[in-house]
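Q: Whole structure, please, built from the sequences with the hints as guidance.
Each chain, written out:
Number of protein chains: 2
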Amino acid sequence: MKTRRLLAILEYDGTDFEGFQIQKRRRTVQGELERALHAITGEKIRVIGAGRTDSGVHAAGMGAHFDTAWKRTLQVLHKALNAVLPTDIAVQSLIEVPPDFSARYSAKSRAYRYTILNQTTRSPLAKRYALCISEPLDTDAMDAAAQSLIGQRDFGAFGSPPRGDNTVREMYRAQVRRDGERVLIDLEANAFLYRMVRRIVGTLLLVGKGALSVGEFHAVLEKQRRAGESVPPQGLCLVAVKYELATEPH
Amino acid sequence: MKTRRLLAILEYDGTDFEGFQIQKRRRTVQGELERALHAITGEKIRVIGAGRTDSGVHAAGMGAHFDTAWKRTLQVLHKALNAVLPTDIAVQSLIEVPPDFSARYSAKSRAYRYTILNQTTRSPLAKRYALCISEPLDTDAMDAAAQSLIGQRDFGAFGSPPRGDNTVREMYRAQVRRDGERVLIDLEANAFLYRMVRRIVGTLLLVGKGALSVGEFHAVLEKQRRAGESVPPQGLCLVAVKYELATEPH
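Which chain is which? The protein sequence lines are P and W, in order. Using our numbering, read the first sequence as starting at 157 and increasing by one per residue. Using our numbering, read the second sequence as starting at 157 and increasing by one per residue.
Just so you know, these hints were derived from the structure itself, not from any lab. Treat the hints with caution; some may be incorrect.
Pairs count within a copy or across copies, as identical chains cannot be separated in the list.
To be verified - In silico BS3-like links for lysine-lysine, alpha-carbon gap of 25 Å or less:
{"#": "1", "residue 1": "Lys283", "residue 2": "Lys235"}
{"#": "2", "residue 1": "Lys235", "residue 2": "Lys365"}
{"#": "3", "residue 1": "Lys398", "residue 2": "Lys235"}
{"#": "4", "residue 1": "Lys158", "residue 2": "Lys283"}
{"#": "5", "residue 1": "Lys365", "residue 2": "Lys227"}
A: This is the structure:
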C-alpha cells in the first residue's frame, strides 16, 4: 500500500496530559493523536514527535510526522482530526513532506518560552500558564546571565542526555525580558537535554533574586557550582519547532 | 461590636463558578468569599459585589465590600484570605472604606473586555479565555459601529433591566481593535444591563462578518432591528470597577 508522510504542527494545553510520549494507561498527546488517526483512517499509525514534552508542559507548535495511505485531500484529514481530537489538542497545520523527513531529526531548532508572573498576589487568571513569583526579580541580571548560554556548549550542568549521548548542544537565542508584570524567558537551541529548560530557568531565578551573581551563573554552566532547582511545568511552552522545508508548515 | 467596612478587589477564573451571586447548593464567587471570611473571622459576613457576573464570566477587578469586627491589620486578613480561598479566586487588594461606601452604588464605572481569537483552527491554549471565530472579521467596521454606543443612551435593545428599572446607561468607552489574531472589544459604562455586553458583542460580530452594516447596527440600538445573539461567557472578563476614593484600591 502506497503511503505518504505528513507533518502536523500541534498546539496543546499540557495541563491534563502526562506529557507527549505514549504510555500505557496514561493520557498522552501522542496517544490521543494516534487514537484520532486510527478512528479516521482505520490504519494503525505511529506518530513521531520532534521531542517529548513533560507532564504539564504546553505546546503552541510541536512538530510530529506519520505515514498514512490517506487518499483524500489533506484539508479533509486536517478538519477530521480537529473534529475528533479532544479540545485540549488541535492540529494547526498539516503538510506533506518527503519520505525521508523526520519531525525529530529534520528539526533545525526548538524554541521554548517560560512565563513568570512577578507580582505579590497569586493570579487565578494566569496560574494555568505561568509561574507566580512574588519576590522582585532583577530581569537585567537574568538576561545578562542568559547571554552566557549562547553558542555551542556542554549543557551537562542543566540536564541529562537521553541515552548516554553527549551533552553538547547549540543555543541560538537566550533572552529574559519584562512585559508589565510578566517575565518572559525565551530559549532556542538545536536540541535540549531532559529538564534543561526548567533547570536553566530555576538557576536564572536565583540570579533574579540576587542569590547568584552573573559570574556564579557562568560557574554553574562550567560545572563549578550546582544548578538551581527545576521550576514547575505550567509556565513552560514549546513555542515552535523549526524545519527547513520548501513549503513552510505554518 | 464595632465594625469597619472593607473593599476587596477580586480576580477570579469564572470557568468553574455559577456566577458571582450566592445561590444555594451552587459554587459561586460570593459563596466562596463568605465561607472564607467566616472561616477566618468566625463572623457571619455578607458580601456586596459591584455587580453580578454570569456563570463562566471571568474577573480581573471585581469590587466587593463587607463589614467586619476584624482587629488585626488588613495585611494579615488579606494574606489569610488568599491562603483560605480556592485557587480560582484571589483578593488583589483590600482597603478600608467609609461606612457609607458601597461596592455597588459608589462605583463610577465598570470596564469589560471581550476577547475573540480570529483564526481558522481552534486553539487549545486560548479557548479558556476567548471565543474562537474562524471567519474573517472587519474590525474597522466593528469599531465604527461601536462608536455609536458612546454617550447616555437607552440600551434596552441589548439587555433587560434588573427589576423594572429604566434601561438608560452611559457608555464612556467602546473600542474594537485587532492585536495579531486577537480581536479585543472594550466597553466601559456607568453600569450595564443583564447580558448587555454579550449581546452587544454578538451584534458587533454580525457587523464584523458583513451581515449588518454600521447603519443597521445603529438601527438595532434604536430598536428598529433585532440585536444579535448573546456570545458565550468564556471570552468575557470584568477588567475593573472604578471608584472615587481618597486611597486607590490598587
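Q: Each hint needs a verdict: does it hold in this structure or not?
A: Hints, one by one, checked against the model:
Taking the closest pair of Cα atoms, Lys283 and Lys235 come within 25 Å of each other only across two copies (18 Å); inside a single copy the shortest separation is 31 Å, beyond that limit. For the homomeric pair Lys235 and Lys365, the shortest alpha-carbon distance between copies (22 Å) is at most 25 Å, but the shortest distance inside one copy (47 Å) is not. In this assembly of identical chains, the alpha carbons of Lys398 and Lys235 lie at most 25 Å apart only when taken from the same copy (23 Å versus 44 Å across copies). Taking the closest pair of Cα atoms, Lys158 and Lys283 never come within 25 Å of each other, the shortest separation being 47 Å inside a single copy and 38 Å across copies.
Within a single copy, Lys365 and Lys227 get their C-alpha atoms no closer than 57 Å, and across copies no closer than 34 Å, so neither meets the 25 Å cut-off.
Comparing the model with each numbered hint stated earlier shows that hints 4 and 5 do not hold.
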